[in-house]
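Peer 1: Construct the entire structure; sequences and hints are all you get.
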Amino acid sequence: MKPIFIPYNHKLIYLKAVTFLFLSALFLGSCQKSKVEEPELQSAANIVNATIGMPQITFFINKSRVHGEPLKYTNESGYFTTFPGTLSFDVAADGITDYILKTNFTFKQKTYHTIFITGESTSVSALFTEDDLTNPPSGKSKIRFVNLSPDAGNLVLSLKNGAALFPNQAYKSASQFLALDPGVYDLQLKTATGTVLIDKNVTLISGTIYTAWANGMRYGTSNSPMGLQFRSIN
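Residue numbers for the sequence shown, in the numbering used here: 98 to 331.
No false leads were mixed into what you were given.
DSBU-like, lysine-lysine: derived pairs with alpha carbons at most 30 Å apart:
| hint | residue 1 | residue 2 |
| --- | --- | --- |
| 1 | K237 | K269 |
| 2 | K237 | K257 |
| 3 | K207 | K269 |
| 4 | K199 | K160 |
| 5 | K205 | K169 |
| 6 | K297 | K257 |
| 7 | K199 | K169 |
| 8 | K205 | K237 |
| 9 | K257 | K287 |
| 10 | K237 | K297 |
| 11 | K269 | K287 |
Hint data in this document are derived by calculation from the structure and do not stem from the laboratory.
Peer 2: Structural data, given as C-alpha coordinates:
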(Lines of atoms letter the chains of each structure in order from A and count residues from 1; the text may use other names and numbers.)
(Lines give C-alpha, C1' and ligand atoms only; values in the text may rest on other atoms or scores of the structure.)
Protein backbone atom coordinates (compact mmCIF):
# COMPACT_ATOMS: atom_id res chain seq x y z
CA MET A 1 0.00 0.00 0.00
CA LYS A 2 1.32 3.46 -0.87
CA PRO A 3 1.97 5.65 2.16
CA ILE A 4 -0.24 8.68 2.52
CA PHE A 5 1.69 11.89 2.23
CA ILE A 6 0.49 14.88 4.20
CA PRO A 7 2.15 18.19 3.40
CA TYR A 8 3.72 19.86 6.42
CA ASN A 9 1.39 22.84 6.34
CA HIS A 10 -1.60 20.48 6.49
CA LYS A 11 -0.23 18.26 9.25
CA LEU A 12 -1.26 20.61 12.04
CA ILE A 13 -4.79 20.84 10.67
CA TYR A 14 -4.93 17.06 10.34
CA LEU A 15 -3.71 16.49 13.90
CA LYS A 16 -6.17 19.04 15.26
CA ALA A 17 -9.02 17.34 13.43
CA VAL A 18 -8.07 13.90 14.75
CA THR A 19 -7.71 15.28 18.28
CA PHE A 20 -11.10 17.00 18.05
CA LEU A 21 -12.83 13.81 16.89
CA PHE A 22 -11.17 11.77 19.64
CA LEU A 23 -12.13 14.21 22.39
CA SER A 24 -15.66 14.50 20.98
CA ALA A 25 -16.06 10.73 21.15
CA LEU A 26 -14.86 10.72 24.75
CA PHE A 27 -17.23 13.55 25.66
CA LEU A 28 -20.25 11.90 24.05
CA GLY A 29 -19.39 8.60 25.69
CA SER A 30 -19.12 10.20 29.11
CA CYS A 31 -22.44 12.02 28.60
CA GLN A 32 -24.19 8.79 27.66
CA LYS A 33 -22.70 6.99 30.65
CA SER A 34 -23.77 9.82 32.96
CA LYS A 35 -27.31 9.68 31.56
CA VAL A 36 -27.61 5.99 32.35
CA GLU A 37 -26.16 6.23 35.85
CA GLU A 38 -27.95 9.41 36.89
CA PRO A 39 -31.23 9.74 34.96
CA GLU A 40 -32.83 13.14 35.10
CA LEU A 41 -36.05 13.17 37.12
CA GLN A 42 -38.94 13.54 34.68
CA SER A 43 -41.85 13.43 37.12
CA ALA A 44 -42.56 11.43 40.26
CA ALA A 45 -45.73 10.07 41.85
CA ASN A 46 -46.72 8.41 45.11
CA ILE A 47 -50.01 6.49 45.45
CA VAL A 48 -51.97 6.20 48.72
CA ASN A 49 -54.80 3.69 49.22
CA ALA A 50 -57.40 5.28 51.50
CA THR A 51 -60.41 3.64 49.83
CA ILE A 52 -63.10 2.31 52.17
CA GLY A 53 -63.85 -1.36 51.52
CA MET A 54 -60.77 -1.87 49.35
CA PRO A 55 -58.27 -4.06 51.21
CA GLN A 56 -56.00 -4.04 48.14
CA ILE A 57 -55.88 -2.14 44.86
CA THR A 58 -53.79 -2.19 41.70
CA PHE A 59 -53.25 0.87 39.54
CA PHE A 60 -52.19 1.68 36.01
CA ILE A 61 -50.65 4.69 34.30
CA ASN A 62 -51.29 4.82 30.54
CA LYS A 63 -52.63 1.25 30.85
CA SER A 64 -49.35 -0.09 32.28
CA ARG A 65 -49.41 -1.57 35.78
CA VAL A 66 -47.07 0.44 37.95
CA HIS A 67 -46.71 -1.12 41.38
CA GLY A 68 -45.60 -4.74 41.51
CA GLU A 69 -47.60 -5.79 44.55
CA PRO A 70 -51.24 -4.81 45.25
CA LEU A 71 -51.42 -1.73 47.46
CA LYS A 72 -53.03 -2.50 50.81
CA TYR A 73 -55.44 -0.18 52.61
CA THR A 74 -53.63 2.78 54.28
CA ASN A 75 -50.38 1.86 52.50
CA GLU A 76 -48.53 3.93 49.94
CA SER A 77 -46.36 3.04 46.97
CA GLY A 78 -43.52 5.47 47.60
CA TYR A 79 -42.38 7.82 44.86
CA PHE A 80 -41.66 6.36 41.44
CA THR A 81 -40.68 8.16 38.25
CA THR A 82 -43.05 8.60 35.33
CA PHE A 83 -43.25 10.66 32.16
CA PRO A 84 -44.50 14.24 32.39
CA GLY A 85 -47.69 15.22 30.60
CA THR A 86 -51.35 14.23 30.74
CA LEU A 87 -51.58 10.49 31.38
CA SER A 88 -54.44 8.11 32.08
CA PHE A 89 -54.71 6.78 35.63
CA ASP A 90 -56.85 3.73 36.36
CA VAL A 91 -57.51 1.78 39.56
CA ALA A 92 -58.80 -1.77 39.95
CA ALA A 93 -59.64 -3.88 42.97
CA ASP A 94 -57.04 -6.61 43.34
CA GLY A 95 -57.99 -9.65 41.27
CA ILE A 96 -60.69 -7.81 39.29
CA THR A 97 -60.12 -6.65 35.73
CA ASP A 98 -62.80 -3.93 35.68
CA TYR A 99 -61.60 -0.49 36.72
CA ILE A 100 -63.22 1.17 39.74
CA LEU A 101 -61.69 4.51 38.78
CA LYS A 102 -60.70 5.89 35.38
CA THR A 103 -59.31 9.40 35.12
CA ASN A 104 -56.42 11.51 33.81
CA PHE A 105 -53.80 13.58 35.57
CA THR A 106 -51.23 16.06 34.29
CA PHE A 107 -47.81 15.25 35.72
CA LYS A 108 -45.42 18.19 35.72
CA GLN A 109 -41.78 17.81 34.81
CA LYS A 110 -39.36 17.62 37.77
CA THR A 111 -42.30 17.68 40.20
CA TYR A 112 -43.37 15.27 42.93
CA HIS A 113 -47.05 14.32 43.15
CA THR A 114 -49.26 12.19 45.39
CA ILE A 115 -52.48 10.53 44.26
CA PHE A 116 -54.73 9.77 47.23
CA ILE A 117 -57.34 7.14 46.31
CA THR A 118 -60.37 7.73 48.53
CA GLY A 119 -64.13 7.27 48.84
CA GLU A 120 -66.09 4.06 49.25
CA SER A 121 -65.83 1.04 46.97
CA THR A 122 -68.97 2.14 45.10
CA SER A 123 -67.81 5.74 44.65
CA VAL A 124 -64.03 5.82 44.34
CA SER A 125 -62.33 9.13 43.57
CA ALA A 126 -58.86 10.63 43.81
CA LEU A 127 -57.08 13.70 45.13
CA PHE A 128 -54.04 14.77 43.10
CA THR A 129 -51.44 16.97 44.81
CA GLU A 130 -48.14 18.60 43.99
CA ASP A 131 -45.71 17.91 46.82
CA ASP A 132 -43.25 20.54 48.00
CA LEU A 133 -40.19 18.50 48.92
CA THR A 134 -37.85 21.44 49.26
CA ASN A 135 -35.87 21.24 52.47
CA PRO A 136 -37.55 22.65 55.59
CA PRO A 137 -36.02 25.80 57.07
CA SER A 138 -32.85 25.10 59.03
CA GLY A 139 -33.61 23.22 62.25
CA LYS A 140 -37.27 22.66 61.30
CA SER A 141 -39.52 19.92 59.95
CA LYS A 142 -42.55 20.28 57.64
CA ILE A 143 -46.02 18.74 57.89
CA ARG A 144 -49.26 18.92 55.91
CA PHE A 145 -52.73 17.52 56.59
CA VAL A 146 -55.09 15.73 54.19
CA ASN A 147 -58.75 14.92 54.90
CA LEU A 148 -59.69 11.57 53.32
CA SER A 149 -62.65 10.63 55.54
CA PRO A 150 -65.83 10.63 53.39
CA ASP A 151 -68.39 11.18 56.16
CA ALA A 152 -66.59 13.21 58.82
CA GLY A 153 -67.13 16.64 57.30
CA ASN A 154 -64.49 19.32 57.77
CA LEU A 155 -61.73 18.28 60.16
CA VAL A 156 -59.26 20.04 62.43
CA LEU A 157 -55.77 18.83 63.32
CA SER A 158 -54.58 20.57 66.45
CA LEU A 159 -52.18 20.32 69.34
CA LYS A 160 -53.75 18.68 72.38
CA ASN A 161 -55.32 21.43 74.46
CA GLY A 162 -53.68 23.91 72.14
CA ALA A 163 -53.84 25.76 68.87
CA ALA A 164 -55.21 24.32 65.64
CA LEU A 165 -52.43 23.55 63.20
CA PHE A 166 -54.83 22.92 60.32
CA PRO A 167 -58.33 24.29 60.91
CA ASN A 168 -61.43 23.40 58.92
CA GLN A 169 -59.88 21.03 56.35
CA ALA A 170 -62.54 19.94 53.86
CA TYR A 171 -62.92 16.38 52.61
CA LYS A 172 -60.60 15.48 49.74
CA SER A 173 -58.35 18.48 50.25
CA ALA A 174 -54.74 18.96 51.33
CA SER A 175 -53.26 21.81 53.33
CA GLN A 176 -50.05 23.64 52.55
CA PHE A 177 -46.93 22.46 54.36
CA LEU A 178 -46.33 24.01 57.77
CA ALA A 179 -42.85 24.34 59.31
CA LEU A 180 -42.62 23.18 62.93
CA ASP A 181 -39.85 22.71 65.46
CA PRO A 182 -38.70 19.10 65.84
CA GLY A 183 -39.86 17.27 68.94
CA VAL A 184 -42.69 15.19 70.40
CA TYR A 185 -46.24 16.40 69.77
CA ASP A 186 -49.61 15.27 71.09
CA LEU A 187 -52.01 15.77 68.19
CA GLN A 188 -55.79 15.69 68.18
CA LEU A 189 -58.06 15.09 65.23
CA LYS A 190 -61.33 16.95 65.78
CA THR A 191 -64.57 17.71 64.02
CA ALA A 192 -65.28 21.28 62.97
CA THR A 193 -67.36 21.67 66.14
CA GLY A 194 -64.54 20.51 68.43
CA THR A 195 -65.41 16.86 69.09
CA VAL A 196 -62.19 14.91 69.58
CA LEU A 197 -62.04 11.88 67.29
CA ILE A 198 -58.44 10.68 67.68
CA ASP A 199 -55.44 11.39 69.88
CA LYS A 200 -52.03 10.65 68.38
CA ASN A 201 -48.49 11.08 69.67
CA VAL A 202 -45.89 11.83 66.98
CA THR A 203 -42.21 12.73 66.83
CA LEU A 204 -40.98 15.29 64.29
CA ILE A 205 -37.35 15.07 63.19
CA SER A 206 -35.40 18.05 61.90
CA GLY A 207 -35.15 18.13 58.11
CA THR A 208 -37.99 15.64 57.63
CA ILE A 209 -41.24 16.25 55.72
CA TYR A 210 -44.48 14.57 56.80
CA THR A 211 -48.02 14.00 55.60
CA ALA A 212 -50.77 13.38 58.17
CA TRP A 213 -54.03 12.12 56.73
CA ALA A 214 -57.40 11.18 58.16
CA ASN A 215 -59.02 8.04 56.79
CA GLY A 216 -61.99 5.77 57.47
CA MET A 217 -65.60 6.45 58.34
CA ARG A 218 -66.73 8.39 61.37
CA TYR A 219 -70.03 6.52 61.35
CA GLY A 220 -68.76 3.44 59.54
CA THR A 221 -68.38 -0.18 60.53
CA SER A 222 -65.56 -1.65 62.58
CA ASN A 223 -63.84 -2.59 59.30
CA SER A 224 -63.25 1.05 58.43
CA PRO A 225 -62.95 3.11 61.62
CA MET A 226 -61.53 6.63 61.67
CA GLY A 227 -57.77 6.72 61.59
CA LEU A 228 -54.95 9.26 61.50
CA GLN A 229 -51.95 8.17 59.45
CA PHE A 230 -48.61 9.90 59.80
CA ARG A 231 -45.79 9.30 57.30
CA SER A 232 -42.48 10.87 56.33
CA ILE A 233 -42.24 11.46 52.58
CA ASN A 234 -38.63 12.52 52.02
